[in-house]
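Let's have the full structure, built from the sequences with the hints guiding it.
If you're matching them up, the sequences are chains A and B in order. Just so you know, the first sequence maps onto residues 1 to 498 in UniProt numbering. Just so you know, the second sequence maps onto residues 1 to 589 in UniProt numbering.
Please note that a few of the clues may not be correct.
[What the hints assert, rightly or not] Only part of the chain B face toward chain A is listed, based on derived beta-carbon distances under 10 Å:
1. S245
2. K249
3. D259
4. H354
5. L379
6. F389
7. F407
8. L411
9. E483
To be clear, the hints were calculated from the coordinates, so they are not data collected in a lab. Ideal Cβ placement from N, Cα and C applies to all residues, glycine included.
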Amino acid sequence: MSTELTERILQHLDNTDQVDTLDLATLFAVDHQKIVGALKSIQAHGELVNATTVTHKSLELTEEGRHVALSSSHEATVYANVPEGGIEQQVLLQVSGNPNAKVGFSKAMANGWILVDKSEKPPLVKRKVPTIVDTVKELLNQVAQGKTDLPANTVADFKKRKLLQETTIKSFVLTKGPEFATSLTKLETDLTVEMLANGLWQQLKFKSYNFDALGAPPTRGHLHPLLKVRTEFRQIFLEMGFSEMPTNNYVESSFWNFDALFQPQQHPARDAHDTFFINHPAKSHKFPQEYLERVKSVHSKGGYGSMGYGYDWKIEEAQKNLLRTHTTAVSARMLFKLANQEGGFKPAKYFSIDKVFRNETLDATHLAEFHQVEGVIADVGLTLGDLIGTLYEFFRKLGITQLEFKPAYNPYTEPSMEIFCYHPGLAKWIEVGNSGVFRPEMLLPMGLPENVNVIAWGLSLERPTMIKYGINNIRDLVGPKVDLKMVEDGPICRLDHA
Amino acid sequence: MPTIGVKRDLLFEALGKKYTDDEFQELCFAFGLELDEVTTEKQMLTKEQGDVAAAADASEEIIYRIDIPANRYDLLCLEGLVTGLLVFQGKVKPPKFEFLAPAQRQVLKIDPSTAQIRPHAVAAVLRNVTFTQESYTSFIDLQDKLHQNICRKRTLVAIGTHDLDTIKGPFSYEALAPEQIKFVPLNQTQELNGIQLMDFYATHAQLKQYLPIIRDSPVYPVIYDANRVLLSLPPIIKGDHSKISLKTKNVFIECTATDLTKAKVVLDTIVCLFSEHCAKKFTVEPCDVVQPDGSVVSYPELAVREERISVKRANAYIGIDEPASKLADMLTRMYLEARVDGDSLVVKIPPTRHDVIHACDVYEDIAIAFGYNNIKKSLPAFMQIAKQFPLNKLTEQLREQVAQAGFTEALTFTLCSRDDIGRKLNKTIESLPAVHIGNPKTLEFQVVRTTLLPGLLKTLVANRKMPLPLKLFEISDAVVADEKTEVGARNERRLCAVNCNKTAGFEVVHGLLDRAMQLLSVPWKTANVDQGYYLESTEDASYFPGRCANIMYDNVVIGKIGVLHPTVLQAFELTTPCSVVEFTIEPFV
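So this is what it looks like as structure tokens:
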């Protein structure tokens with residue numbers, strides 16, 4: 001059908017110099033849009049025709065306008081309803097019936113067709129002139145028959161009265177183009193095996209590509225954005241020579257999660273408000289006994305140069321199982337191993353990135369579980385300066401060069417430093433992590449040599465990811481509510497790439 | 001981390017200098033504090049309680065809300081904060097505390113009966129105190145901050161402060177049956193006994209949280225004076241009789257405790273910070289506390305401990321190289337007076353600095369005084385050949401491959417409800433080796449997942465608007481209870497994938513399993529191949545009958561594959577069929 005139409009247009013143009021598509025629509029008795037469609041497909045075949053855009057403005061009656069053209073204008077209706085002896089205004093409006101009676105009344109007044117005789121009680125509406133000419137109706141009828149050159153103010157008035165509407169129609173004036181022909185050669189959309197085999201590609205015409213359109217999306221799977229960041233962090237640690245700790249143990253005893261870290265048993269973090277305790281399996285029973293005794297002693301009585309906390313340390317408290325609140329519980333296990341391995345202590349650099357759990361109040365930036373990124377270095381004579389230097393190198397790899405350190409308190413590190421970085425996008429300093437030197441009360445009971453210092457730092461994986469990708473609600477990043485479209489559309493993770 | 005609110009103008013007056021907000025923030029930062037918020041009482045009331053009516057009359061004086069490190073009890077009120085900052089700036093010397101020697105000391109006798117409930121007590125007296133409205137409020141606020149923090153919401157220590165001129169020693173600390181105790185509680189007019197008291201305060205906004213500490217005990221702790229006037233029923237409330245007011249001159253302070261060390265710290269802290277308001281500044285009148293065994297201990301201790309630290313070690317710990325005298329100056333600015341003694345420093349730890357328990361605490365104060373941001377950066381000298389954790393390495397490699405196979409990665413919660421792994425999967429929770437959380441705040445966190453499946457199904461539901469097919473996967477840990485392990489549970493690294501489409505498409509997840517096995521160099525076990533994986537038909541309530549198989553590897557079940565049962569789909573509110581594969585990857589490490 002449309003092929004037929006394109007040929008009809010071309011044949012028509014063959015016999016004439018130029019034609020407007022609107023005229024073609026009338027001539028062929030088809031919708032103008034179809035003519036335009038056919039024109040587009042002609043143009044897709046090359047420069048067969050030249051098309052110049054022209055704009056036609058035309059007037060068209062509205063529903064109300066058509067009604068007036070058929071019957072009479074509202075004012076004429078009102079006039080007609082005024083009897084010889086006059087009529088009360090209210091009655092007149094009622095008699096005139098239609099919702100436009102009020103408009104008709106005021107127009108009739110303005111036209112000087114009627115008057116209100118206030119000498120009568122009650123005042124009466126009377127005719128002022130014996131006859132009228134309903135120009136509104138006449139003009140509308142002319143428009144209905146195709147008249148377009150009404151005076152501008154009349155058009156404006158009628159438009160305001162919602163009797164008329166102006167419509168703009170775009171059409172094209174066609175002339176023969178440089179490649180004019182009366183029929184279309186079929187354009188090929190794609191190069192095929194057959195065309196290559198029989199050499200047909202040399203003769204065929206190919207449809208031009210629309211380079212403004214997007215390509216077909218490749219079928220593929222996608223990695224989760226947060227885990228792409230995890231991969232990047234792993235990579236950074238590996239580049240820096242850190243070995244990965246085995247953190248695949250979410251259930252931990254209070255002993256390794258807290259006591260081993262010299263975190264006293266009355267510490268608020270050990271409160272049920274902050275930590276998920278396990279009631280099945282509720283308790284741990286296997287501990288390195290000698291080490292446990294040393295931990296008990298340093299908490300309750302001190303030792304290793306420490307005053308201790310001076311309280312009654314209870315094994316029952318240490319046995320309580322929980323969901324680890326930090327991966328530092330694993331670091332403690334690793335350091336204990338390091339101290340007690342065959343051949344004695346050797347320097348080590350460890351990292352881990354894994355889930356930790358807090359029984360916290362949830363909000364837009366806190367979930368009950370999140371990923372902790374942790375780095376630990378143990379060696380003879382490490383200094384706070386080594387920690388600061390390492391942190392600069394680490395954060396440089398995340399694309400962060402400006403750091404500041406704030407004194408802080410943490411039960412198992414001393415000195416402790418909060419890490420702040422300057423975020424150029426947010427134009428402010430933001431806290432990005434915690435760091436410190438593990439306390440001797442934590443290290444020495446493990447059996448590490450006295451001159452060994454252990455420096456460590458930690459941060460969450462979610463926070464830098466949210467800042468990097470401008471995500472405000474953590475549930476948009478983690479958990480089942482995540483929008484898979486976001487997962488699909490996410491870029492590769494290059495933390496050091498602005 | 002506790003936060004205290006202090007009036008800015010009072011603070012600046014006491015500091016003897018006006019700061020801009022930024023300048024003050026910088027001072028805080030260097031000292032290890034954080035200016036959390038600049039606000040007014042009016043703003044706080046409006047913001048916290050939405051109470052616009054109450055806020056209308058509230059003050060518009062600027063208040064600084066400052067975060068204090070959890071171990072610095074000495075900074076929990078304006079008095080302590082100002083002294084700390086002035087000493088830090090080198091503007092004043094750390095105060096020295098002295099004992100008064102009264103003709104007769106106040107005596108607090110601990111009755112052996114208290115051993116059942118709250119065995120320790122300490123006491124002290126501040127003489128000739130002049131309270132202003134501001135210092136009175138500060139005194140009350142400090143007790144509250146101490147109660148909330150070091151006192152662990154009064155469980156460890158409870159503080160009572162009394163107008164000494166309204167009561168008469170010796171005082172007696174004992175434990176009595178609740179019905180025997182009768183008194184008028186603070187700011188009340190009606191006399192109550194111990195049982196009535198519990199009912200009376202059961203709905204009290206602040207006090208109800210402390211009731212459980214003693215409620216079910218057969219005896220309640222009480223302190224009486226010589227005339228059997230009740231001073232305190234710790235840790236709940238004081239008596240009205242001895243309450244302090246702006247007019248109070250002599251203050252009797254008692255702390256009852258389950259942790260004696262903390263009680264001493266609390267008492268030291270209060271007297272150190274508020275002896276500033278005594279006519280003779282920084283003086284304290286000690287009390288004799290008679291122990292149940294008859295021995296007498298004098299409190300407060302106000303002990304000044306000496307710690308000897310090596311200059312070399314201190315420098316080396318931080319990574320600086322400062323002469324001993326400089327280190328001593330720095331420490332003095334941190335409230336720790338130090339003198340050089342050869343190649344050591346002798347550091348005096350005052351009773352305000354109970355947080356200093358080891359040389360490393362002294363090192364930290366040197367580092368703070370030196371300025372963390374002035375320390376020279378260095379790097380550890382040793383090198384190490386790094387090693388990945390093999391299970392994580394395999395996980396990383398498989399994630400990449402499964403995504404390449406057209407599956408999209410989900411990241412779901414490890415914690416879930418009992419229903420998620422039980423009822424919704426047509427299982428009974430009792431039949432599962434699940435780890436149960438004892439104190440979940442919501443139903444979302446009752447158990448640790450034993451399967452990755454519920455998380456993936458929830459992700460599907462949340463993404464119903466996405467075009468089908470939806471193919472999701474996750475490689476992560478499930479946790480199973482296992483008595484053979486050290487803590488009674490172990491993680492298990494699983495690969496789980498679902499295909500969600502107009503038809504169940506078992507072959508899609510089956511194809512993924514085949515691909516994964518191919519990548520792991522595990523052959524399909526046939527008549528000719530001994531070692532390998534194969535499927536063995538099984539029935540599982542989560543799966544459609546006849547459409548479920550065990551995944552076998554080395555003749556051991558490593559997972560399941562199948563078409564989900566329609567009732568499972570329904571339970572997760574899914575309307576499209578799903579096929580699932582889930583297996584542990586640990587045998588392949």
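Requested in this report: Could you check if H354 (chain B) really has its C-beta closer than 10 Å to a C-beta on chain A?
Outcome: holds (9 Å)
Query raised in the report: Should the hint that L411 (chain B) touches chain A count as held when the rule is a Cβ pair under 10 Å?
Result: Check passed: Cβ of L411 (chain B) comes within 5 Å of chain A, closer than 10 Å.
Report task. Answer holds if the nearest beta-carbon of chain A is closer than 10 Å to that of S245 (chain B); otherwise answer violated. Result -> violated (33 Å)
Requested in this report: Would you check whether F407 (chain B) satisfies its interface hint, that is, whether its CB is within less than 10 Å of any CB in chain A?
Outcome: holds (4 Å)
Requested in this report: Using 10 Å as the Cβ threshold, decide whether L379 (chain B) counts as touching chain A.
Outcome: L379 (chain B) check passes; min Cβ-Cβ to chain A is 5 Å, inside 10 Å.
Query raised in the report: Does the interface hint hold: is F389 (chain B) within less than 10 Å of chain A, judged Cβ to Cβ?
Result: holds (4 Å)
Report task. Mind checking the CB of K249 (chain B) against every CB in chain A and telling me if the closest is under 10 Å? Result -> violated (34 Å)
Query - Restraint outcome when D259 (chain B) is required to lie within 10 Å of chain A by C-beta distance - result: This hint holds: D259 (chain B) lies near chain A, its Cβ roughly 5 Å from the closest one there, short of 10 Å.
**Report entry** Closest C-beta approach of E483 (chain B) to chain A relative to 10 Å, hint status
**Finding:** This hint holds: E483 (chain B) lies near chain A, its Cβ roughly 7 Å from the closest one there, short of 10 Å.
In summary, the structure is inconsistent with hints 1, 2 from the numbered list given earlier, while agreeing with the others.
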